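S.K.: Each chain, written out:
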Amino acid sequence: MTNAVLDLLVLAVLTGACWPVLRRLRARPLAATALVLVVLTLVFDTLMIRAGLYVYDPAKILGIYLWGAPLEDFAYPLAAVVGVPVAWTVLGRRTGLRDDAGLRDDAGPRDDAGPRDDAGPRYDAGLRDDAGLRDEADPGAGSSDLAGGPA
Amino acid sequence: MTRFAYLGALLLSLGGLALIDRRWRLAFWAQPRRAALTIGAGVLAFLAWDLAGLALGIFARGDSPHMTGVLLAPELPLEEAFFLALLCYSALLAWRGFDRRAARSEATRPEASRPGRDEGPAVDDGSGG
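Respectively, the protein sequence lines represent chains A and B. Just so we're aligned: 576 in my numbering is position 85 of the first sequence, and the numbers increase by one with no gaps anywhere. Just so we're aligned: 36 in my numbering is position 38 of the second sequence, and the numbers increase by one with no gaps anywhere.
These are computed hints drawn from the structure, not numbers from a lab. All figures in this text were calculated on a predicted structure; none of them were measured in a lab. Ideal Cβ positions, reconstructed from N, Cα and C, are used throughout, including at glycine. Any given hint could turn out to be false.
As the list claims (entries may be wrong) - Some chain B residues flagged as far from chain A (calculated, every beta-carbon gap over 12 Å):
no. : residue
1   : M(-1)
2   : L9
3   : G13
4   : A16
5   : V68
Unchecked claim - Restraint-style ranges between C-beta atoms, simulated for each label pair:
no. : chain 1 : residue 1 : chain 2 : residue 2 : range
6   : A       : L553      : B       : P30       : 33 to 43 Å
7   : B       : G13       : A       : V546      : 20 to 30 Å
8   : B       : P72       : A       : G554      : 21 to 31 Å
9   : B       : A105      : A       : L526      : 18 to 28 Å
10  : A       : Y556      : B       : L76       : 21 to 31 Å
11  : A       : Y556      : B       : R20       : 31 to 41 Å
12  : B       : W22       : A       : I555      : 28 to 38 Å
13  : A       : A550      : B       : G6        : 32 to 42 Å
14  : B       : G38       : A       : A542      : 24 to 34 Å
15  : B       : T106      : A       : R541      : 40 to 50 Å
As the list claims (entries may be wrong) - Some but not every residue of chain B turned toward chain A, in silico, with C-beta under 10 Å:
no. : residue
16  : G55
17  : A92
18  : W93
Next up, chain B with everything else stripped away, as it sits in the complex (with noise of 0.2 Å):
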């Protein structure tokens, strides 16, 4: 069982974030479609960053004996893919659920919502974060 330890984490991770998705509709229960090629395209962008990590030698595989074996590829556990999809899920709900409170609450002062007011700021904002 030890070797199911880091996948069940992932997965008992992934469900939590599931339960708050469903409580405030943020992606999946939201728009099913738009969320799962969110993550898809995330989840394959960060494997191709991954590969190039392995290819240049920065980073290997642990010995730990919480992950499966089972590999993508050389030196990439099938695990990394479920962590990446969990990271991808966790920016998803958390800019889903802040980007809605911004937008509730521009909704409610009325001058904010002026194009001349608002779009000067967020752009400078922008440009820092």
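So here's chain A without its partners, still in its complex pose (with noise of 0.2 Å):
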């Protein structure tokens, strides 16, 4: 088996796997960091095999090449855009942490309690806090617990 045909193979699977999660990400973000490491790669790559690290087997690969680095070698970059931002969102969405990056907000309907139940409060609270204050003020002091708590 070829370099080629290898990374052809894992880069199918490990979409394929990632797809479900993946189609939910905005897209924009992942282009942007799939350049940020193709370029890495195009400069790091050549000049790792420049400096001896690895070597490759010429029957091996295509032999085609992008400065210094083998066309092949760029899978590496970018299976790690598709999978590191899938993981990321898959073991927020497992442990039940969540923050601004991950998952649309306004991607689908609200079949997906876990993210979405977290992401409410943290960007509600501050007006939530703020009506509190006032419905506390407006009644009185003398309003009983029953009535100022679950507010």
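With the hints as a guide, bring the two chains together.
M.R.: Shown next as structure tokens:
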């Protein structure tokens, strides 16, 4: 098996497995990340190969080079762009953690309770606190704990 | 000292990424456990890919004097694990930064936050990238 075949196989399996999550992530940040990593690979893969850190069997690679980097080596940064954001997103969903990066807040219906429930209170927290204070101030200090508590 | 050159460069680079991480609280400085699991999973997956490439005879360790010579497996130098961590960490920080910026710019454009408007183009773009 040549390197190109192995890399395409890995990318196909990885992208297929990640697709349900990947398709719900913002596309532009993923594309920008891919661009950054591809440029870094172009420079550093070239340097690393020139330094003799690793060698390729010429019979197993296409022989197409971008600067000093074999074309196949760009499969690594592309896999990172697919796998890392998806891993981060899935791990956040499992542990119930959530913040601004990850699934689109506005993507799809409210079928995905985990991230959404966590995202809501954080963004709304300021407004709710203001409302709470106003409610407490309004009816006067004499109202019971039952009235004030749940607000 | 020569044989620590590559490992040293990798550690220096990881340190530089950590400074970026801390400055903008992107990964380990936002959610350390989640960041560690993400990068750990990435490194293990890439190491498996490397082992497949080595088993197929696609590539091999070079004779560079800049490596320690410590091997994780036949032909798989210790440095490779740090390199893969650097790759995954770079990807995570870049994506977190870009995605946060996109989230904020969406929040300032009211019409862009309507599900019907935004869902369509996002899915189209996703299939391309």
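S.K.: A separate judgement is required for each hint: does it hold in the structure or not?
M.R.: Here is what the structure says about each hint:
no.: 1; hint: M(-1); result: holds (16 Å)
no.: 2; hint: L9; result: holds (15 Å)
no.: 3; hint: G13; result: holds (16 Å)
no.: 4; hint: A16; result: holds (16 Å)
no.: 5; hint: V68; result: holds (14 Å)
no.: 6; hint: A:L553 with B:P30: 33 to 43 Å; result: holds (41 Å)
no.: 7; hint: B:G13 with A:V546: 20 to 30 Å; result: holds (29 Å)
no.: 8; hint: B:P72 with A:G554: 21 to 31 Å; result: holds (26 Å)
no.: 9; hint: B:A105 with A:L526: 18 to 28 Å; result: holds (24 Å)
no.: 10; hint: A:Y556 with B:L76: 21 to 31 Å; result: holds (27 Å)
no.: 11; hint: A:Y556 with B:R20: 31 to 41 Å; result: holds (37 Å)
no.: 12; hint: B:W22 with A:I555: 28 to 38 Å; result: holds (37 Å)
no.: 13; hint: A:A550 with B:G6: 32 to 42 Å; result: holds (34 Å)
no.: 14; hint: B:G38 with A:A542: 24 to 34 Å; result: holds (27 Å)
no.: 15; hint: B:T106 with A:R541: 40 to 50 Å; result: holds (45 Å)
no.: 16; hint: G55; result: holds (6 Å)
no.: 17; hint: A92; result: holds (4 Å)
no.: 18; hint: W93; result: holds (4 Å)
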